[in-house]
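Note that the protein sequences, when read in sequence, are chains A and B.
Numbering (my numbering) for the first sequence: 1 to 351.
Numbering (my numbering) for the second sequence: 1 to 351.
Any given hint might turn out to be false.
Stated by the list, open to error - Label pairs and their computed distance ranges (CB to CB):
| id | chain 1 | residue 1 | chain 2 | residue 2 | range |
| --- | --- | --- | --- | --- | --- |
| 1 | B | L245 | A | P267 | 45 to 51 angstroms |
| 2 | B | R40 | A | G86 | 35 to 41 angstroms |
| 3 | B | E193 | A | P234 | 53 to 59 angstroms |
| 4 | B | L245 | A | K84 | 54 to 60 angstroms |
| 5 | A | P222 | B | P345 | 44 to 50 angstroms |
| 6 | B | R85 | A | A282 | 37 to 43 angstroms |
| 7 | B | R40 | A | G217 | 52 to 58 angstroms |
| 8 | B | E161 | A | D56 | 50 to 56 angstroms |
| 9 | B | D269 | A | E313 | 26 to 32 angstroms |
| 10 | A | T317 | B | V6 | 23 to 29 angstroms |
| 11 | A | T317 | B | D56 | 49 to 55 angstroms |
| 12 | B | Q323 | A | G133 | 38 to 44 angstroms |
Claimed, not checked - Pairs of lysine to aspartate or glutamate, EDC-like flavour, derived with a Cα cap of 16 angstroms:
| id | chain 1 | residue 1 | chain 2 | residue 2 |
| --- | --- | --- | --- | --- |
| 13 | B | K84 | B | D170 |
| 14 | B | K84 | A | D335 |
| 15 | B | K132 | B | D288 |
| 16 | A | K47 | A | D67 |
| 17 | B | K17 | A | E36 |
| 18 | B | K84 | A | D329 |
| 19 | B | K84 | A | D332 |
| 20 | B | K314 | B | E30 |
| 21 | B | K47 | B | D67 |
| 22 | B | K84 | A | D325 |
| 23 | A | K84 | B | D329 |
| 24 | B | K314 | B | D33 |
| 25 | A | K314 | A | D67 |
| 26 | A | K17 | A | D325 |
| 27 | B | K17 | B | E322 |
| 28 | A | K84 | B | D331 |
| 29 | A | K17 | B | D325 |
| 30 | A | K84 | A | D170 |
| 31 | A | K84 | B | D335 |
| 32 | A | K132 | A | D288 |
| 33 | A | K84 | B | D332 |
Note that these hints are calculated values from the structure, not bench results.
As the structure is a prediction and not an experimental result, all values here were calculated from the model.
Note that beta-carbon positions come from the ideal geometry of N, C-alpha and C, so glycine has one too.
Protein chains: 2
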Amino acid sequence: MTQLNVVPFVSVDNMMKLVHAIGIEPMMVELADRIEDDFRRWPSFDKTPRIASHSDVGVIELMPTSDGQTYGFKYVNGHPTNMKRGLQTVTAFGVLADVATGYPVLLSEMTILTALRTAAMSALAARHLAPKGATTMALIGNGSQSEFQALAFRAICGIREVRLYDLSPDATAKCARNLAGSGLRVVPCPSAEEAIEGAQIITTVTADKQFATILSGNMIGPGVHINAVGGDCPGKTELARDILLRSDIFVEYPPQTRIEGEIQQLPPDHPVTELWQVITGAAPGRRDAGAITLFDSVGFAIEDFSALCYLREKLATLSFCEQLDMIADPDDPRDLYGMLLRAAPVVVKRA
Amino acid sequence: MTQLNVVPFVSVDNMMKLVHAIGIEPMMVELADRIEDDFRRWPSFDKTPRIASHSDVGVIELMPTSDGQTYGFKYVNGHPTNMKRGLQTVTAFGVLADVATGYPVLLSEMTILTALRTAAMSALAARHLAPKGATTMALIGNGSQSEFQALAFRAICGIREVRLYDLSPDATAKCARNLAGSGLRVVPCPSAEEAIEGAQIITTVTADKQFATILSGNMIGPGVHINAVGGDCPGKTELARDILLRSDIFVEYPPQTRIEGEIQQLPPDHPVTELWQVITGAAPGRRDAGAITLFDSVGFAIEDFSALCYLREKLATLSFCEQLDMIADPDDPRDLYGMLLRAAPVVVKRA
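Whenever a hint applies, use it, and build me the whole structure from the sequences.
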């Protein structure tokens, strides 16, 4: 029997080892498949909009869900100003627990895992929504998430060319450098307009906590798929409202996306389609070649649950983890106090 | 500058060492004072009822709060049937984070810390509500939390005698054994009726997830203080409804207590007093010597926040913690992918 008082912990170092043992792209392919499987059984999950604690400079969120057997949650922050202080905009960690006992069974860093699952989720949505034969993606916003997006779309959607733009040329240079040798044709562009030229997929992944207009209406022609990743909290959007009005909009979990997504710009009854219904075939995806499809992505708890369950399975053979003494587990479960008492240091009396 | 990628972690073993370094009773006295200080500045906290995920056998909850500078949350489960499987009914861990950056700054076991803060909270409430000169407490339910309650009331309220009752004589024997040498007069009783004889304070701390009647109306005379600890989720109560109707009821956070506390038996507009207002003097506590005061305790996030902040301060001098590599922190904050890429194992080519 496993020791219930210890919880497997995946550190940042171990996560990086695990990712390399699997391979970055293979891992995102597997994550996308895993998320897709869980989206197929969407009704079997407990769902709630994430619980946000906002401040002037950012947000800290808890994202719980459960499928009745396993419970999971992620802690994640979003602090756009962190970057100027040399810190990550988004950091995260997550936990799985056994619903039957309430005991945690996994603790993991999730900054890296979130980067992977977010990109896998975007590519999964595009696999169902983007125009057939898409080979070129514009990537607007070249920060922490950008390379993951590029590689996920390469591995999952067959993208061959990424066209990069960022307000900061340094960010674009960094992204291009990191993607050299990836097999992608990488085209740094001096403007968003040039980045979207010839792109069938447009990914926006900027981080400012404000109503920004990364894409304006006249930039978007028919037949594209927009993957809007950056807007993910109240007051933070990336797209002009008229793009939304021309698009077929697909979301993860409407009660959360209405609060956090691009559609916070629209009336609360504006029609949207839940992505899980497209995946199961219950709702149509792309209507025709000329439609504009928009995945208004904010990130939902089930995606993290999928990623943590995937991780837990991988740890069975790739044991990149430590054991944390996190759960007090007295021999007699009623005797927590006795356990504490018996742990008292022995006082050695002098002779 | 502290390394931001590492998070101090207090294991169960280190928590027990820390508790013994401070002393169990002194620590509960300090925790009660710390909670009292935070209750005095109640309006400065973000508050939300805890986020519960219920199953047939128990509940898993997240309890977040923030004072605008520090964010904290606790993960806690409640599984009454765990005991039969040799597991703890309640286990917990908690996290503090810096609101300005969103980075976690502390991870700690909280099974033991919750046991201490729950008892400290009960005694703190009794310090404000119990009849003056109370020296005898009935303790109904002699499980994990019972000894902590007894010692907190001894240290904080001057209780000299505890009268024990539990459905299980083994539990009572265990509690009595653990309290031997504590300075308390310990009286095991064969029934709840006998346990409350002569008691000015009645503490109920049972764990069944059902509407139970640990105390019925005819058992409760005037002038007592009832500390109802065990009822803490929907469908789980300990007191007969008519006791509630005869009592002045004090609660932590009404929106949560209405869902989880004894008062779920009452209409949603039944008057209750928020304890923090008694502490600040804004609301009256005990009206007169004959009143029945009831602290309908369910446990609120601010109490855990207080406990975690207290722990964090103690770690400055009592360094009972490890450092966890939990936060991915690349040199260039936009270059998470580059950090991952550079962590790839070096492949040595054969000559």
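Contradicted hints - numbers only: The structure breaks hints 9, 11, 12, 17, 22, 25, 26; every other hint is satisfied.
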